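Using the hints, build the complex out of the two chains.
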Amino acid sequence: MRRLVLPFVVLVLAAAGCVPKKAQTPQPASSNLVVLLPDPGKTTAGRAMVSNDKGSVELNEAGAAVTVTSGAAPKAMTLAQSDVQRIFGDALASLPPSPQHFVLYFRFDSEELTDESRRLVQEVLSVVKQRPDPEVVAIGHTDTTGTPASNVELGLRRANAVRTILVDAGLPASSIAVRSHGEGALLVRTADGVFEPRNRRVEITVR
Amino acid sequence: MGRTLRLWVVACACFTAAAPAFAQQPSPAGRIKVVSGDAVIVRGGSTVPVQNGVAVYQSDSLRTGKDGRVGVTLSDDTQVSIGPGSEVRLDSFVYDPGRGQLALVLKFIRGTAAYVSGQIAKLAPDAVRLETPAAIVGVRGTTLGIEVTSD
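So the protein lines, in turn, are chains E and G.
Okay, so the first sequence: first residue is 1 according to this note's numbering, each after it adds one.
Okay, so the second sequence: first residue is 1 according to this note's numbering, each after it adds one.
This is chain G alone, in the form it adopts within the complex (with noise of 0.2 Å):
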């Protein structure tokens, strides 16, 4: 309990980051927009409960359940979702237009998920890698469906 309050607290506080003063603590990469069912963040080995407006960060992992169902919306307007038994990690995210810098690295590691590009796929498509167990895939502002099965 105690630890689900000090992750509301750290939320909060990164939520304020975004005001000016606050600019240099590192901003979140997106926010939970849609849930329901069994639905998890992982970060660093540890979950955090998911709910509508908690920040997603670089490399965390969105992970479901059996029921459940979760879709982002990362800083640069890229949207991400995942339905039931499945898991995807934003391995890499950097959108500082300003000064050119841009990435998006996607892991799909199970289970389906659904990919609308951002600003980063517009600005700098070759920034945006999207990976599965078996292949690559490189878009040119584009949605996509992937599901990835093991054998």
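Next up, chain E with everything else stripped away, as it sits in the complex (with noise of 0.2 Å):
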């Protein structure tokens, strides 16, 4: 059985990167057990697939497991509700609010918000203060019209504009980073020097 847990322990680190120090020590057989969950919010899940270089297994439905054991080929299971709670309760419990992301969208060749999205703001707002430590990114963008430099400019002025909105409603500037992508990362994308709204914009994630 070492034998065999060996090897595989060694391929793991080796596919880790790391060389592993005692590789004359052998390590204790593990347990591991994979199960997926419908995704925050959702009822619906993804996909995974667990392998090793005994077999693999996929994973495509919630409750959907796998158990598999240090040189040994995954085996697939259902997990109940019941027990993904008595053995993730604490986990779960544990993952922090999901990032939320907004896009606010600005008149042309300015800083200024449009009608539509100074309501937007107000929402963001609202998101911002129920976290207890939260953490804002605001990138702004433009859309081609002007050259890419100057773009990048406004591109951050836009930002800076988002980054002024919250720190006057009470959330500390530290707490928020301001980028520009300029021209550089249209939403619709168009040719050079085409006016188009919705690339004039800020992307903002809460988190």
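No lab work stands behind these hints: they were computed from the structure.
Wrong hints could be hidden among the right ones.
Listed below are the simulated SDA-like cross-link pairs for lysine to any residue, each with C-alpha atoms no more than 20 Å apart in a straight line [claimed, not checked]:
(1) G/Lys122 - E/Asp53
(2) G/Lys66 - E/Gln100
(3) G/Lys66 - E/Ala76
(4) E/Lys75 - G/Gly138
(5) G/Lys122 - E/His101
(6) E/Lys75 - E/Phe102
(7) G/Lys66 - E/Gln85
(8) G/Lys66 - G/Gly138
(9) E/Lys42 - E/Ala73
(10) E/Lys129 - G/Asn52
(11) E/Lys129 - G/Gly53
(12) G/Lys66 - G/Val42
(13) G/Lys122 - E/Ala76
(14) G/Lys122 - E/Arg47
(15) G/Lys66 - G/Lys122
(16) G/Lys122 - G/Val105
(17) G/Lys122 - E/Asn60
(18) E/Lys54 - E/Ala76
(19) G/Lys122 - E/Lys129
(20) E/Lys54 - E/Ala73
(21) G/Lys122 - E/Pro38
(22) E/Lys42 - G/Pro97
(23) G/Lys122 - E/Asp39
(24) E/Lys54 - G/Val42
(25) E/Lys129 - E/Ala76
(26) G/Lys122 - E/Ala185
(27) G/Lys122 - G/Gly100
(28) G/Lys122 - E/Thr43
(29) G/Lys122 - E/Val167
(30) G/Lys122 - G/Gln101
(31) E/Lys42 - G/Gly100
What you are looking at is a predicted structure, and each value in this text was computed from that prediction instead of being measured.
So this is what it looks like as structure tokens:
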């Protein structure tokens, strides 16, 4: 058994880019359980593949699970909701609040918000205030009118305008990161020199 | 005590690194968002006390005692949390979508964990690898529970 376990442990460590310092010391056998869960706020789940050098099992619905022991092929099983709670309740309860994304739009060649986005700011603020330790990233973007260099500046002015709104509402400036992609990351792909309101935006992530 | 203070100074300095003027300094991979009980970050052989907002870097481990829990959100929106008596290591984290540089390797060492995938899994699913002692997990936009027990 040890002869089987050791090469596998070495393989796993090598795959992680680590050279095992005590390759001659056999590792204790490890028993692992992986369960696919519904995505936050949804009933549907993604997909995952659990593999080792003995085989692989695909997980494609909530509750689908795999047990795998060092040196043996993964085995498919199903985990009841009560078992998920018993085993993973503490870990799941410690997941941070889901990151949220917002897009605010701006007037042409300006760091002034459109009327609609002005209203959306209130929603951003209420999400920020619900979090004990909010962290905000604001990335400014422009359309392709103007030069790339001036658009990087315009994007930064837009992102800074958002920062000012959040700071005025009481968020510490140190928890807001501001960047600009200028015309380098268009939401709607256009040729150069094209007016496109949907590209004049600040993308906000609240974590 | 002096060491704690120094760590705080470093933590604050790194937080400031998010500002454009310091864009060349390494930025945190993520931040601690949830913590209770006995929990630490293990960084290069020493331990850093865990509090809300503390930065987490590539190569850091999160480790909990028997009553500890901790949750972190990485800068690509990936979320990882661990229950009591657990440890997970952020072996690799690269999030630079503008240059197409993306990598996430998490090593689940012991105990229980929950994982919610983020932007890296969305943009480049093959750049995400979750490792347990006995297997490797590949993801396609996924929430998972992972338990590692040693016999």
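How the hints compare with the structure:
1. For the hint linking lysine 122 of chain G to aspartate 53 of chain E, the alpha-carbon distance of about 26 Å lies beyond 20 Å, and the restraint is violated.
2. Simply put, lysine 66 of chain G and glutamine 100 of chain E have alpha-carbon atoms about 32 Å apart, too far for the 20 Å limit, and the pair is violated.
3. For the suggested pair lysine 66 of chain G and alanine 76 of chain E, the alpha carbons sit about 30 Å apart, so the restraint of at most 20 Å is broken.
4. Distance restraint check for lysine 75 of chain E and glycine 138 of chain G: the Cα-Cα separation of roughly 16 Å lies within the 20 Å cut-off, and the hinted pair is therefore satisfied.
5. Restraint check: the Cα-Cα separation between lysine 122 of chain G and histidine 101 of chain E comes to about 15 Å, which is no more than 20 Å; the hinted pair holds.
6. In summary, the hint linking lysine 75 of chain E to phenylalanine 102 of chain E is not supported, as the alpha carbons are separated by about 41 Å, beyond the 20 Å threshold.
7. With a C-alpha separation of about 18 Å, the suggested pairing of lysine 66 of chain G with glutamine 85 of chain E holds against the 20 Å cut-off.
8. A hinted pair counts as satisfied when its Cα atoms are at most 20 Å apart, and lysine 66 of chain G with glycine 138 of chain G does not qualify at roughly 29 Å.
9. Simply put, lysine 42 of chain E and alanine 73 of chain E have alpha-carbon atoms about 31 Å apart, too far for the 20 Å limit, and the pair is violated.
10. The suggested pairing of lysine 129 of chain E with asparagine 52 of chain G holds, with an alpha-carbon distance near 15 Å, which does not exceed 20 Å.
11. Of the pairs offered as hints, the one joining lysine 129 of chain E and glycine 53 of chain G holds, with about 15 Å between alpha carbons and a cut-off of 20 Å not exceeded.
12. A C-alpha spacing of about 16 Å is found between lysine 66 of chain G and valine 42 of chain G, which places the hinted pair at or below 20 Å, so the restraint holds.
13. For a cut-off of 20 Å, the pair hint linking lysine 122 of chain G to alanine 76 of chain E is broken: about 25 Å separates their Cα positions.
14. Under the criterion of a C-alpha separation no larger than 20 Å, the hint pairing lysine 122 of chain G with arginine 47 of chain E is consistent with the structure, at around 12 Å.
15. This hinted pair does not check out: lysine 66 of chain G and lysine 122 of chain G have alpha carbons roughly 34 Å apart, beyond 20 Å.
16. Taken as a hint, the lysine 122 of chain G and valine 105 of chain G pair is honoured in the structure, with Cα atoms around 15 Å apart against an allowance of 20 Å.
17. A hinted pair counts as satisfied when its Cα atoms are at most 20 Å apart, and lysine 122 of chain G with asparagine 60 of chain E qualifies at roughly 17 Å.
18. For the proposed pair lysine 54 of chain E and alanine 76 of chain E, the alpha carbon gap of about 14 Å is at most 20 Å, so the pair holds.
19. The suggested pairing of lysine 122 of chain G with lysine 129 of chain E is violated, with an alpha-carbon distance near 28 Å, which exceeds 20 Å.
20. Under the criterion of a C-alpha separation no larger than 20 Å, the hint pairing lysine 54 of chain E with alanine 73 of chain E is consistent with the structure, at around 5 Å.
21. A hinted pair counts as satisfied when its Cα atoms are at most 20 Å apart, and lysine 122 of chain G with proline 38 of chain E qualifies at roughly 16 Å.
22. Among the hinted pairs, lysine 42 of chain E with proline 97 of chain G is inconsistent with the structure: their alpha-carbon atoms are about 26 Å apart, more than 20 Å.
23. As the CA atoms of lysine 122 of chain G and aspartate 39 of chain E are separated by approximately 13 Å, the hinted pair is consistent with the 20 Å bound.
24. Between lysine 54 of chain E and valine 42 of chain G, the direct Cα distance comes to roughly 32 Å. Violation of the 20 Å bound is thereby established for this hinted pair.
25. For a cut-off of 20 Å, the pair hint linking lysine 129 of chain E to alanine 76 of chain E is broken: about 43 Å separates their Cα positions.
26. Between lysine 122 of chain G and alanine 185 of chain E the CA atoms are separated by roughly 17 Å; this keeps the pair inside 20 Å, and the hint holds.
27. The suggested pairing of lysine 122 of chain G with glycine 100 of chain G holds, with an alpha-carbon distance near 13 Å, which does not exceed 20 Å.
28. Restraint check: the Cα-Cα separation between lysine 122 of chain G and threonine 43 of chain E comes to about 19 Å, which is no more than 20 Å; the hinted pair holds.
29. Between lysine 122 of chain G and valine 167 of chain E the alpha-carbon distance is near 31 Å, which puts this suggested pair outside the 20 Å criterion.
30. Distance check on the hinted pair: lysine 122 of chain G and glutamine 101 of chain G sit about 13 Å apart at the alpha-carbon level, within 20 Å; holds.
31. About 29 Å separates the Cα atoms of lysine 42 of chain E and glycine 100 of chain G, which puts this hinted pair outside 20 Å; it is violated.
In terms of the numbered hints stated before, the structure departs from hints 1, 2, 3, 6, 8, 9, 13, 15, 19, 22, 24, 25, 29, 31, listed from lowest to highest.
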